[in-house]
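Take the given structure of chain E and dock chain S to it, following the hints.
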Amino acid sequence: MTEATNGERTERISRRGLKALRVFVRNRLALLGTVMLLGFVFCASFPNVVAPHDPYDMDLANPFAPPGSPGHLLGTDNFGRDILSRLIYGSRISLTVGLVVVGIAATIGTTLGLLSGYYGGVVDILVMRLVEVFYSFPFLILAIAVMAVLGPSIYNVMLVLGLVNWPIYARLVRSRVLSLREEPFVEACRALGAGNARIMFRHLLPNCLSPVIVTAAMGMAGAILSTAALGFLGLGVQPPTPEWGTMLNEGKDFLRRTPHMITYPGVAIMLVVLSLNFIGDGLRDALDPRLTHQR
Amino acid sequence: MSAYLIRRLLISIPVVLGVTFIVFALVSLAPGDPINLLLASEKVTPEMAERVREYYGLDKPWYSQYATYLGHLLRGDMGYSITTRTPVSQSIKRCLPNTLQLTAASMIVALLIAIPVGVLSATHRNSFLDYVSLTGSMLGVSMPNFWLGLLLLLLLGLQFKVLPIWGIGRLSRGLWDVISHLIMPSLTLGTSLAGLLTRLTRSSVLEVLSQDYISTARAKGLAEWAVRYRHALRNAIIPVLTAAGLQFGALLGGAVIVETIFAWPGMGRLAYGAIQQRDLPMIQGTTLVFAICFIAVTLLVDVLYVFIDPRIRYD
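Going down the list, the sequences are from chains E and S. All residue numbers for the first sequence refer to our numbering, where the first residue is 1 and numbers rise by one. All residue numbers for the second sequence refer to our numbering, where the first residue is 1001 and numbers rise by one.
Worth flagging that the hints you see were computed from the coordinates, not collected in a lab. Treat the numbers as computed from the prediction; the structure is a model and nothing was measured. No residue lacks a Cβ here, since even glycine has one placed at the ideal position from N, Cα and C. Hints are supplied without guarantee of correctness; some may be wrong.
Residues from chain E that face chain S, not an exhaustive set, calculated with beta carbons under 10 Å [claimed, not checked]:
#1 P138
#2 C189
#3 F232
#4 S275
#5 F278
Chain E on its own, in the form it takes in the complex:
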């Protein structure tokens, strides 16, 4: 009996998943975004295969080589390092930071949102006040202030951006839980003797995941932009690490002489952010049918 219902449930879920997948694939921009992102993921996974040079290899005899120079498709920077190779290795940093940041933020936010929506009362008031306090800071300002105090490093970037980004997930999950809490299936779980933790994580959480996934895709785009912004201000990943924002920071001193030092890192940031935004849009249409008519 239980096996049968379980089987039915899996089938229903997979059917719903298939439908979502079909909607997603039919969205050409979402597909384009996925292909672009896969390209970046490939570069990030096998930079030593893709990149023509070592990203740290200086060639002091050949600085500021223009794009299209022999052996340097996108030219070289002020130390004669190959810009294309640095961009390829940089994708590894941006994608990793983006993933970790979203992981930290979504975990904290979702947990607090679940607790806040499920228990209500004092827990809810405390969590929501905390959310409001965090929302009161212009996001980048708080990140910059904490980075300035903690000192720049890639680990601090991940930690700070993760800790600053969680409120959006908390708010999202809380509002979802508030309406789910009243559903008959929760009542049924309780009648069957399920504990609070089981109801929250086993039954409510899966029902909150689609908006969290959509937000996470967009959030990863935001995290990559913020990482680059911190790098640009000299507060993020430190040189000589080939982080895109840090590369822009180094390039801005040679703006007039070698515009290509800032052009290409910017294009790389834009493309990866664009691909994640396309994917996020596609996911929203696929997972949240109520919003589809707006397209």
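Positioned in the frame of chain E, the structure of chain S alone reads:
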């Protein structure tokens, strides 16, 4: 209305307290002895250390330190800059109007782009124009603003030399001086918001156009322009303005970057300079004022809401 206003103000109090606490806690996050941090790396004489300890109440427990900090704040005292030895509040008072000028201009730029383009995009749904505007707004949202700023600087400032590349204009040198200095920074800061708001305007207009009262307006024979601009736009604009207000924080955050690129003498550049010097009191002061500005704007949006949308009644 006034009851609502008072309640809304009261709710802001715990939020402001929370914000001050986080800003206060920044000191304890910093590695090292706070006294050395607060006096920078210069030689610290015992008397100086003693004075700092007394001023901040550093020999007392943290809650007492926090109370001292709040007491200073209430008197408008945000401490002294480590580098210039002048009151933090003085520098902020000097820079804040410039930042507000820049963010206001960026907001205007964003709305001037977003509303017409979004409306056209919605009324010409699925046309070539709609496609271009959607792609454009997506690019605007995805473009890092520091990159856009550098490109504008390179192109309009250095290559064609049509716009001044740094600083703020003065009204005494004519209106064009003010505007010409504003164009590149406000475009840089406003583009991503413009992209966001364009998409929002489009979907908001589309939603309103599908409402029953629009069909009614059409059915009673109103001209299409009257339906669109008198009936639809006024209702569609409300969520756009709300979102614009809530995005003000993003503009403030972006100001740090844009002001750094264009040497705009505002709070962002002040904060950036403070970070370079590890000027902790200045970092605290600017962070706090940025947050307070944001809270004030959110409050303002909430209140303005009542005037824009007559359907909303707070009681």
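Against the structure, the hints:
no. : hint : in the structure
1   : P138 : 4 Å, holds
2   : C189 : 35 Å, violated
3   : F232 : 5 Å, holds
4   : S275 : 9 Å, holds
5   : F278 : 7 Å, holds
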